[in-house]
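Turn these sequences into a full structure, and let the hints guide you.
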Amino acid sequence: MLLRNRAVVALGLRICSSHVTKGPLADAVKHSSDMSEFREVFSKAKHIAIITGAGVSAESGVPTFRGKNEKWRKWLSQDLATPEAFSRDPSRVWEFYHYRRELVMNKKPSAVHLALAECEVRLTKQGRSVVIITQCIDDLHRQAGSKHVLNIHGSLMETRCMSCGHVSVNKRSPICAPLKNKGDPGPDVPDAQIPVDKLPRCEERECNGLLRPNVVFFGETLDSHILTKVEKEIETCDLCLVVGTSSIVYPAAMFGPRIASRGVPVAEFNINTTPKSEYFMYHFQGPCGTTLPQALAQHESEVF
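Numbering (UniProt numbering), first residue to last: 1 to 304.
If you are wondering where the hints come from, they were derived from the structure by calculation, not from laboratory data. Computed from a prediction, not measured in an experiment: that's the story for all the values here. Just to be clear, a hint being listed does not mean it is correct.
What the hints assert, rightly or not - Quick list of simulated restraints, FRET-style, between CB atoms: (1) 32 / 122: 21 to 29 Å; (2) 209 / 33: 45 to 53 Å; (3) 15 / 263: 41 to 49 Å; (4) 300 / 79: 16 to 24 Å; (5) 298 / 219: 41 to 49 Å; (6) 285 / 228: 32 to 40 Å; (7) 191 / 299: 50 to 58 Å.
Even for Gly, the Cβ is constructed at its ideal location relative to N, Cα and C.
Listed below in structure tokens is the structure:
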């Protein structure tokens with residue numbers, strides 16, 4: 001399993017697994033929930049890596065597409081988010097992503113997003129750095145004001161052409177006329193069956209190729225340029241926070257344990273424990289919007 005996980009990280013292959021990692025990567029540790037102790041560690045950190053997942057956006061009202069939200073109509077969401085599904089039925093997959101885009105456009109950054117953005121601004125003035133490595137595709141970190149964000153799974157607000165490869169920001173609502181009022185997730189809602197030539201098309205140099213959401217589907221590799229930046233952060237940070245992620249989607253699920261294996265303090269903030277909790281020095285259970293702002297608030301030792 002260890003070799004498999006290392007291979008997954010090296011390839012940047014996005015897969016979903018509920019398997020709990022065991023083995024020599026990191027010995028299980030008894031984590032602490034002592035906030036004052038964590039705050040002392042935080043006050044001394046110079047380069048902080050923060051890994052965020054769907055739980056962060058859930059506090060803004062964005063469904064996690066797990067548990068009760070796991071299905072869209074009669075399909076599992078992770079079965080729609082694949083290159084094979086898009087190839088077979090681009091209309092259905094675009095309906096699913098159109099639903100997600102429209103939902104996100106009406107959401108605002110949560111207390112978590114705002115706390116992270118404020119922390120980055122404050123620490124930057126002190127010559128310290130904060131980087132957010134996020135699995136979220138909703139762009140709420142940037143809306144909140146965070147600057148140093150690595151979107152490892154892409155963005156709902158971008159499209160990529162299947163023909164020419166051009167990537168562009170796209171915040172149109174609806175993204176194309178035939179998708180207007182489409183995407184209702186109800187189990188009895190029929191597919192719109194939009195002809196492929198009426199789906200979002202590329203406008204770059206009259207290409208007119210079929211557009212797809214610029215997200216990393218399950219079974220695809222992460223962007224190599226972003227993965228290289230992530231690897232650098234994993235190897236150089238002196239504190240890591242793992243916030244609102246179930247730690248079951250690879251390779252992101254291995255980032256925190258890899259950092260912990262270097263002896264670097266890792267703190268997990270989640271409403272529940274996760275398959276990776278045992279590897280981390282700290283675990284703060286409860287809504288991240290309550291625990292994280294307290295953890296990142298200005299420390300008495302900070303000097304401006």
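Query raised in the report: Holds or violated: 16 to 24 Å for the Cβ distance of residue 300 and residue 79?
Result: 50 Å Cβ-Cβ, so the 16 to 24 Å window is violated.
Query raised in the report: Lying within 32 to 40 Å: is that true of the beta-carbon distance residue 285 to residue 228?
Result: Since residue 285 and residue 228 have Cβ atoms about 34 Å apart, the given range 32 to 40 Å holds.
Report task. Take the C-beta atom of residue 191 and the C-beta atom of residue 299, compute their distance, and say whether it sits inside 50 to 58 Å. Result -> holds, 53 Å
Query raised in the report: Do residue 209 and residue 33 keep their Cβ atoms within the hinted range of 45 to 53 Å?
Result: Since residue 209 and residue 33 have Cβ atoms about 51 Å apart, the given range 45 to 53 Å holds.
Report task. Starting from the range 41 to 49 Å, see whether the pair residue 298 and residue 219 falls in it by beta-carbon distance. Result -> About 43 Å separates the Cβ atoms of residue 298 and residue 219, which means 41 to 49 Å holds.
Query raised in the report: Within 41 to 49 Å or not, the Cβ separation of residue 15 and residue 263?
Result: Distance hint for residue 15, residue 263 is violated at roughly 28 Å.
**Report entry** Cβ distance range 21 to 29 Å for residue 32 and residue 122, holds or violated
**Finding:** holds, 25 Å
Violation of the numbered hints given earlier is confined to hints 3 and 4; the remaining hints are satisfied by the structure.
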